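Residue numbers (our numbering), protein chains in the order written: chain A, 460 to 537; chain B, 1199 to 1325.
For the record, the hints were derived by calculation from the structure and aren't laboratory data. Please read these numbers as outputs of a predicted model, since none were measured by experiment. Check the hints yourself; a few may be wrong.
[As the list claims (entries may be wrong)] Below 27 Å or equal to it, Euclidean Cα-Cα: the simulated BS3-like pairs (lysine-lysine) are:
| hint | chain 1 | residue 1 | chain 2 | residue 2 |
| --- | --- | --- | --- | --- |
| 1 | A | Lys472 | A | Lys504 |
| 2 | B | Lys1319 | A | Lys472 |
| 3 | B | Lys1313 | A | Lys504 |
| 4 | B | Lys1313 | A | Lys472 |
| 5 | B | Lys1279 | A | Lys504 |
Listed below are the residues making up each chain.
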Amino acid sequence: MAMDAAMIERLIKESLPDAQISIEDLRGDGDHYAAHVVSGAFRGKTRVQQHQMVYQALRGRMGNELHALALQTSAPDE
Amino acid sequence: MALAAAPAAATTDEDERMDSTVQDRIRQQITDTPVVLFMKGTPVFPQCGFSAAVVQILSHLGVKFKGVDVLADPSVRQGVKEFSNWPTVPQLYVQGEFVGGCDIVREMFETGELKQLLEEKGVPVRA
């Protein structure tokens, strides 16, 4: 069920190539992460839309293999 | 003049009809009640830490809300994810609008945006 941080980062980068991503494995169990994603693609989008873009990048894994990903998103200089 | 019963619909039709019924029911719920939280468990006994966190925030703000336990109905659990194109529960709705999941609600609470949004939407909030 678990997923490693590098995989999460790779999937996000595939969809949002400019993204600055920092990921923290909250419990060290490969199942509970916190990610901060900064991308120019988030400009002018609501938080819901920004998170949806990240979930889209994870292609259905969120809520399945990936149990918990606390997400924080923003555009550069925001 | 009674009509003969229609032949049983193919399984796929049946599924689609059920889906649209679930979607209609969700739309109805979020329209009928100003603040609705789709969650795991109930406001009194949340079954998940993320759901509990949102309940705590709403309670702290003194907001009256309706909790819908998705664990009680698998079709709603799946249906609400499709409804909002959002892969996880909890999901908070205010005046029929999807506000976000646990992370967004928490962030908006910390910045004061949640209280502002509720007030703008005419939901009584504790001062």
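- prompt: Of the numbered hints stated previously, which ones are contradicted by the structure, given in increasing order?
  reply: Those not satisfied are hints 2 and 4.
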